[in-house]
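Undergrad: For reference, the chains in residue letters:
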Amino acid sequence: MATEPVFIGRPTDAELSDQLLSTAWRPWRRLGKIGFLVAILGTLSLFTGITLTVMYGIGMWGNNIPVGWGFGIINFVWWVGIGHAGTFISAVLLLFEQKWRTSINRFAEAMTLFAVLQAAMFPVLHLGRPWFAYWIFPYPSTMAVWPQFKSALPWDAAAISTYFTVSLVFWYTGLIPDLAAARDRAPTRAKRFLYGIFALGFTGASSSYRHYRVVYGLLAGISTPLVLSVHSIVSSDFAITLVPGWHSTIFPPFFVAGAIFSGFAMVLTLVIPVRSLFRLENVITKRHLDNLAKMVLVTCWVVTYSYILEFFIAWYSGDEYEIYQFFEARPFGPWAWIFWMMIICNAVVPQIFWSKKARTNLGVLWAVSLLVNVGMWAERFVIIVMGLQRDYLPSAWDVFVPTYVDWAIFLGTMGFFLLLFLLFLRFVPFVPLAEVKELKHELSHEEGH
Amino acid sequence: MGNDVRALWEKILAGKTGRDYWRSLAELVAEGAPPEDRQREFPEGADERPDEPSRRSFLKLLGASMALAGVTGCVKDPVEKILPYTIRPPEVTPGLSRYYATSMTLDGLATGLLVASREGRPLKIEGNPEHPASLGAAGVLEQASILGLYDPHRARAITRLGALQSWDALATELARPRADRGAGLRILIEPTASPLLGSLLGRLLSAYPAARITVHSAIDTGAAAQGSTLAFGRPLVPQLDLRNASVIVSLDSDFLDGQGMHLRHSRHFAERRRPGWPEPSMNRLYVVESLPSCTGTVADHKLRRRSSEIGTFAAALAAEILLGGKPPKAVSPEIVTALRPFLGREERALVGAIARDLVRAGPGGLVVVGERQPAPVHALGALVNAVLGASGSTVSMTEPILWNPGTAGQDLTALVADMRAGAVDTLVILGSNPVYTAPGDLDFAAALGHVRQSFSLGLHRDETGARTTWFVPEAHYLEAWGDGRAGDGTTSVVQPLIRPLFGGRAASEILAAMLGDTYPSAHALVRDQWRTMLGEADFEAQWEATLRRGSLPGSEAPRVQAEITPPGIVAALATLAAVPALAPGRYELGFYTDPKVHDGRFANNPWLQELPDPTTKITWDNAALMSVRTASELGVANDDLVEITLPGFDPTMQVITTSPPPATTVVLPVFVMAGHADRAISLRLGYGRGAGLPVAEGVGQNVQPLRRQGRSFLDGASLRPTGEKHVLAQTQKHWELHDRPIALSTTLEAYRDNPGFTRGQKGPVLSILPPVDFKGEQWAMSIDMSICTGCSACVVACQAENNIPVVGREGVLRSREMHWLRIDTYHTGEVDAPEVLHQPMLCQHCEKAPCEYVCPVNATVHSPDGLNEMVYNRCIGTRFCSNNCPYKVRRFNWFDWIEEKPGYNADIRTLQKNPDVTVRERGVMEKCTFCVQRIRRAEIDASIERRAIRPGEVTTACEAACPTRAIRFGSLVHKETDMVRWRDEPRSFSVLHELGTIPRIRYLAMIKNPNPEVG
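These protein sequences, in sequence, are chains A and B.
Numbering that gives the first Met the number 0 applies: residue 0 is where the first sequence begins, and numbers increase by one.
Numbering that gives the first Met the number 0 applies: residue 0 is where the second sequence begins, and numbers increase by one.
One chain only, chain B, in its complex shape (with noise of 0.2 Å):
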């Protein structure tokens, strides 16, 4: 098999353009194996579809089935007996949605979020506009965190030992009184900038001087503080500030989608990146990373560097900048001297070239570095930004946002040993899954075996929570008060919507048990604690305006001047000037958070499972991502399963002895990204889960115990072909534009000389069909592919909105997905260097649809204002409209999904649906609305205020969710709206166009903006 594939590969890496290579590598990847080649992932039962019984149950309904022709059903529901309202509270309408401003922590920083809620019950979750890390939209995790809240998995009760314990018995045991000080007490949390929890853990640390508080995070290796501190001599935090930004240079850093602050960056990134008209201009975007992310999808140059390459590589850019012309600033000698050998360490006209645009742009230049990057390099991201003069214009510094122990800190590492020594009394662990987040090399499990007690804190009873002592169902964040900081620091309230399903509780409150306060209540504590911040003059109307806006305006932290430091940049340099190179035969393993289910804490989202990667379309699995080349040398295909190997532990590091020692060895399949880095494999988190979660039980492979603590990266790693496969289940199979016009994309160079490429993509058509007559609104929708990062909030937003079931993996093989907005992804140019093309993808509602002539029954037809509508009840579901359907957006309910996937779909789940959206029935077809449920809402509420409908009045799902606001939706009628002035813009286009559906979305055209002097 090997050489087979090695072969193809050949083939394709030799062939001149990128062309032959999506080709082949959908023939050879994509349709190698039907469905039925997967194996049993699930346990006994819990994936047992219809569709596949065994054989003996076909032949007991072979017998079975001419009996039952005659037995229809007779079952009698129970009955319930429901009251109603005696006298309605005021504040609720019964049909009308309440907003409520909150907040949700994600590596302890805040969001600011608006939830919908309709009588009582949380339904779907906006964008706070108000809130700087929002500003209205809102991303993947947030969007799905709505259906974690009614994640029927969720832990239910407080246990012992696995027995039932009341909470009276287990503040008892949380607040027995320590004889030595807290010397063996430990407390481990996530990152966290609440400022309540801040101050609660101050409070416990004065109790017990001698404890001990541990911060840990799956992937945080605290390394962007060294880095500062190596810069500035201090911890320092930037803040970005991409509205000025005119060219940036993303050093491994996924600022549009991986990071606490990614709405708020890809907003500003976004108003610089749209090329308008008549005059079109656009910052510029490098992107030097490993693993091809969104944010290098939008890049205008995508530079394929290996994790550990990436330090030499920002040096030769410092070297550049500071030797290879005239620096814009002089900074001192000894910099200077330690950069000179790293003068020509990369490609000059490479590196020159992106120096020189760099310096051209002065204070609108800015170097990103990844957090995934070792401190070094943080130090001299900061260095070139303050040669370019960019402080206080495109990155300022601030103190550390997070919360920080101080000197009663200590890091995992240390926290383990203790643990193995015994020297741990008491471990009390908070929303955190250290079992299974923490680095194999620590093995954390068989350590939390020598603590005396332990108590953890968390949503699921996971893999630590079945470990400790004691275990405490976590309330959700729509469940609990509390409160947090954004990455900017502006704090704000964590307010619940909805008591406690299952009786959680706060970590807040665990804390205040722990200080001796047997009943405490997080309302309270989050009072108390911001009374102190607003002061008791006035504070019930601050407390309240806060609650409503969100957030405490002008909270964020102040911007402080910190001077570079030239021993630090020095160290750096000599640090990087020691990396070692790669060993022949040998990988770097890249360690990734998930995009959809972080670092395993969603993993039990069905949603975030079904929702495809952004940039590998990967559903319900997690795999080795590896570039051609390195599949080549391997002589592996995607879904071939490969078995990674790390020997022994790496010297270099700090080496806690175990035994036995922890597995080093993961079997995954294999995806081949075009773009990735060479002889580097890249690894996702958050896979593997164990027992607990059904939903998550049995989903791709845990990397963790291949990871090592402190370290992003590793290398070293030797990989073996097992000969086995196992298929991923992808909904985009096809990369290829086979050079049809349905994604267009030109040169922003190109696009100012030939504006009018797009010209045989629009206009007028000719056609038998009585044209549509413009009366009233008229709906329609414009979408900016240069701006879409393929980031998928809006396929989430979608999902919540319009009660989209998901049909789990096997759904996905066999192609059944039912997302009615879909994210297509096309590769064109090099295999080496894809140019990336993402287009969101949903019904055209065409004028002269040709969904609607093929329908028998007039089920599917179209409305005065020009949607195009779906009418279930009258839907036979013969499918004709979705054969005939070019766009291919229509979806079909092969199954009743609920009672089909009712660990995805059913249960208390359903409290989500959004009760405006028809819950679809087995046997009909569905597809995007333009979210008529917000359209008739709009026209009720205009008629009874006797007024037309305002400019921007009705936003569908995906149109708020966007973090780039790339789509835009609303009336043709409204021309003075950003949605019409863009359908006039020289680059818009309709898929599609020749084919004469005439489709209400216009799209526009992706527009590049290369730097002419990269070759």
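Looking at chain A on its own, in the form it has when it is part of the complex (with noise of 0.2 Å):
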């Protein structure tokens, strides 16, 4: 079968410079501007649902007790998960020399970056006190109190910030060349200046390069392990618990193998459109979508052999209460539709995957990821509201209902999201240029051959 190649068409360097910094300053398209207008909407709902939680408290959501972690959590989980996919792609895969990483990857950062954004404020904004989250970091007290280290929560905090950083770092570094090229390309004065500014004295001189090549590559060795611990920890504020459905040892993979999933099928909902709104098919072909639906494909089975293994684990520790959180609780109690739906959505769904026309097929591709990201936002209700809502004693059982502020949060989420990857999209070129023409060079010499 033949495969389709990472790059097709063979622009000129000045080409592929207009067709993928252009997109920064180009005017105002329609459709642009309902996006930001759609986004800033969403904004607008996020901080009013802010504003409400932090006026008059946890209360404004549906959590209760026993149920005492709710969306907050589930959204804080899944934007992390979310944002897995960027780093995985940029560094473990810059690492493994996967050559059809290069044009997605600086997207695949930005998205990462942003919704660890998204996932960051959940852990502050979920506190009963909010204004005293600075407590949880090992900062030198008058008081001499330090965290409680037992706790998965201060690590949680640490993972999260430095993950973020690191983040942040990676992906701003990898913006340098292409911000000085845009500095150089600007059309007015002031854009110059900005981009000037932004690209740090950047000359694309050899030496220059070779002292980017290798910050970039540390920053792309330590990053690796982040993948790793990042939704590791996140994992261990539910395996460290004996919360039944909870306390389980195989959460660190599972968590991880799910975050990669969601992070790819959020990285396939966003590349689809932009793709085709920005005419980019050229430098993210189908090869790129056909690889990404593999991967979707792979950690699918990760995270359903996960599932099964949770079950079994569940029957064959011959623990009422996970027996009853496994067989009874979580497919037949309150909310059981979500987790069929987690089912349908995470391992069934995605196994359409292994057709290679469906790989290929936009519309196929863009529903699957759609879904899975319903499926992955589905499990994370499924284990902390299922878990919670029938734990040991049933004289404490109760049911978790979201409140309009909870929904007003979440969806809000998705908005601020969407603000900052549209400017992203506005502002930034996120096709890596220099990357990209490097890939061309290094076809067109294996060509050449």
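Quick caveat, the hints were computed from the structure, so don't treat them as lab data.
Hints are not guaranteed to be accurate.
[Said to hold, decoys possible] Derived lysine to aspartate or glutamate pairs resembling EDC-like cross-links, with alpha carbons at most 20 Å apart: (1) K761/B - D318/A; (2) K761/B - E319/A; (3) K149/A - E846/B.
Quick caveat: nothing in here was measured; it's all calculated off a predicted structure.
Both chains are given apart, each in its own frame, so use the hints to dock them into the complex.
TA: What follows is the structure in structure tokens.
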């Protein structure tokens, strides 16, 4: 079967620069304006939800006793998970010298950054007293009080902030050559000035490139373990407890696989419309989409295997609370339809990617990617809410019912994410120009042989 | 809808065990509808909570949210200057509570209490150990009455037709000379045993011999007195002594929870109930009732009978004792003849077994008849007790304790007839609310319109107060002097702790004003009264001793000997023989006082509204309680609204024609109760209060319109589902144990054979955490489930002690109630005869606490003396601790509850707050502290006196309140205490022991003592 190349056509460097940089200074289009409007409304809803929560208290949410964590932590884990693909594509695939990563890595990194930003809001926001959130960090307090390191939460805070910082630096470092190119080709003085500031004096000299390469490689090396550590630590928020359905040693790999699964799905969700809107079919080819779909299928199977294992271990352990959780509460208890939705979206639907036709059909790809996103949100709901709804003492059992503030914040983060992403598309070269050119040269070199 | 539900109920009933039922019930009703489905209950704005704003207010906030970000609070409170004591009163030590003895009167009978006062503020109520009706315990209503004192909605002014008036004007009006010898004067009072009120009423009657006095209570039908008249020829009152009772048969009597002496009964019952070790023995309790009561939940055998069937049961039991075998004592042949038809009217194997059990117990046997039952049943109860030889042992008779107007008395029906006839010129209503509490057929409100001038005295300007010409605010019992008698006749003083907050007046002062005393003082009146009782000699010393002690020793009513009068019994049996069967398609209605709001008088008390009903766990509502079979017949499930109609008046009753006829339809949500009698609907009084009580307004429905005077149950109601729903706010929705080792139970026989049945639920567990260092005091608790009746006094005591906020119905619907201590109730066994297990559940103070290691900021830590401590200042509110608590006893401040629910928590109510306990901020976690403030106080006292803490020196609030003393607290180093000894009993266990949390609370498994003869 003929595979589509990762690069189509043979444009000159100048043509490529024009194509990939022009997105940053061509005039606003109507679709863009509508997109921004939607994103701003969503952002407004997010901040209204936050205002209500901070003004009145967590009671604005649907959380209760026994369900102490609800949408807040679901959204947190979901967004962090989405944030995994970027680093995976940029760093891990870079280290494995996968060429197809080149034209989508910037894109995926930005997605990571913005997703982690959404996620990072929740650990603060879900606190009863968010103004004391800094107590979770080991800072030199005058009262010599430290965080309690046996808890997963201080580690969580450390992991998230590290991940965010490294992702930001990695993304920005990758951007520097392109910012320099944008500075050199920008149509107005103001833009030249601004891009100039952010380009940090990068000249494109070979010495600059050498240093740049070293830093970028090092950062890739640092980022790689983070891909594994962040979600492992997030998973320990659950795994260290004794809540039925949480207390499980497979959580770290299970969560990491789920994270990459949802991350790749989100990349697909975003890249397909952007590719069409900005006519990037030559640099983001069907080969890219095909590879992404394969990754989705692989991680789908890791996740599915984990599901099977969870049920098996629950039964094999003979623990009545676990057995009840997995064989009664989840499939038949309150909100059981979300559990079934999770199974269908995460374990069944992606199986369509066994077919190459499906992997290269934009409509199918996009639909499946959306369903996987839904399924992964459902998975977090199932784990967090269902475990708490049905724990040890039946007398304390109750159900979780989200409020409209929960929805405003959840949908609001999507708006805010979209806003940041549109700003990124609007002002930053979102396909790594320098790397694409390099790839082009490499490919023509190979052809020359 | 109906058919689906019916099919489901059928499926459940067809099941062999109750297990499927419990699960299905939970699935069907508990989570059928999310809380959004509720309808608006409160007036606009009253229940507006910020987490449920309308879409409009959301949009408003949407716009404002950005702007608000920059605006922070710049509110400056006005300066309020306060002055310190220049010279401190000698009895006040700032920071220390002083206790004063007083007594609270309910339904005419007093219960002795000790009230903690701090810097002049009454704060907390405890039982008075020296008072026979308390024995140191205080029930739900007594505990909660402290909040009633600080009710901001209490009436504050004397009014005439709504306009403010002075006391002078009122006193002039009350004392206006009458030319008619009182013929047009009527006084309506609550039952009372107060010597002072009795003597004032007596003086009033001698001044106005033609006046008539009506003693009215919402539920008392006077049947007990009539029954005693049938049995003994004169009205006498039974005094129970459960210390001697080894076999008890309760006929519709909730003697452990619902009556005047229930605290005493509970204590004595528990003393015989607790199976000790090494020789476990316990009493046996049979309960025959329609609505499952607290007493019913601890019964060894519970028989479901409609209220109207209990008379037949009583007769069948008497017949079985006297005819079924060799009677312990012969009775007159006419009784035997009259009883013969009843032999076999009930299943003989069952009743025979009970009868033989009673006969075996002899003087240790006891039949208790509930006040709800009609006179003939009381007469039969007296007969059986006499035959068993129980008189003088488990039961003895005294003259009535309550004051009786004698020939000047007039019942409510006659009073209303007089009022309608225009024969009543002046009506004085003292402390009663007849417009609300009078049965529907009387239509008291309309009758009141025919009275020229009416006066009412009440804590609130309630339904009656708003309709009488004059209204006078009443002083709370903690504000006014008075006196009273306990159920056994012991006389006690009502001693105020604070001047009336709202200028209230005592009933005695109104009566004195009617006698011409323009400026009466309740203090002077009660002292004058007691001077006559105690005698002039040495009065001051005796008076002071009485005040200190709270009661007058040796003042209980003398026992009287009474012989059974056969004609009365024969008449009683004749009445019972004539009880008609229930017509098909019709239902019996039973009316019950509420364990929380009683007859409605406590309806404005948010603690009580939020207290889960001991048997249904319903808060903030009343419901149509019915059995599974009845619900199946009607095709309804929990929360379905049903329309209850009483078609026309019962022709057997005395009927007063009214126009327009009173409403006889009430719509209530259904609540299905396992163990309820079939084809009977039980209704709680006290809900659906009218205006003037903002807390109570709109809570539940008033069922009095369905009631008929003199009846506590009625036949012939019809029910129709309306197709709508009203979600009941329950604190517990799942009643099945799922075979989990949470609440263990067994029978006495099995316990003797296999004492170690809880072995697997205690003992050492493996742990990677370091063991606890046992140095110094180690606080712990033992709870005996065998003697927990679920009465919930501990829950209110905890709320009062620990400043626990009220979250309202919405909060409960969202499962956010704040009670640190709850009573979990589990049902096992058959649907129709469930075994009920009450398990007080509070922080277990685990030695290896799962909450502690997950807190990111060290806000919950372990103290060296074994407490799991909550550091509010340090808590940032992650709720991780609550998620990881397998007992789910932690409570979170979802809002600033004082701001969020000011109607329940703010205003003058804050004066009740215990200054030793932090009022928690929004966003922090809280939970049971083992009353750490009391522990630290004892430590300070001990260290000042340079000694160790003494055994029993620290009591927690729940322990102090518990009527059966099922909760014991103390230090593990005090090996001689019951608390420690109980832990060594074979039946002790830890809840969820296998998790390795090593709880400091040990439970003692529930032991039942069923009669092996009863299948």
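Undergrad: Return the numbers of the hints above that this structure violates; sort them in rising order.
TA: none
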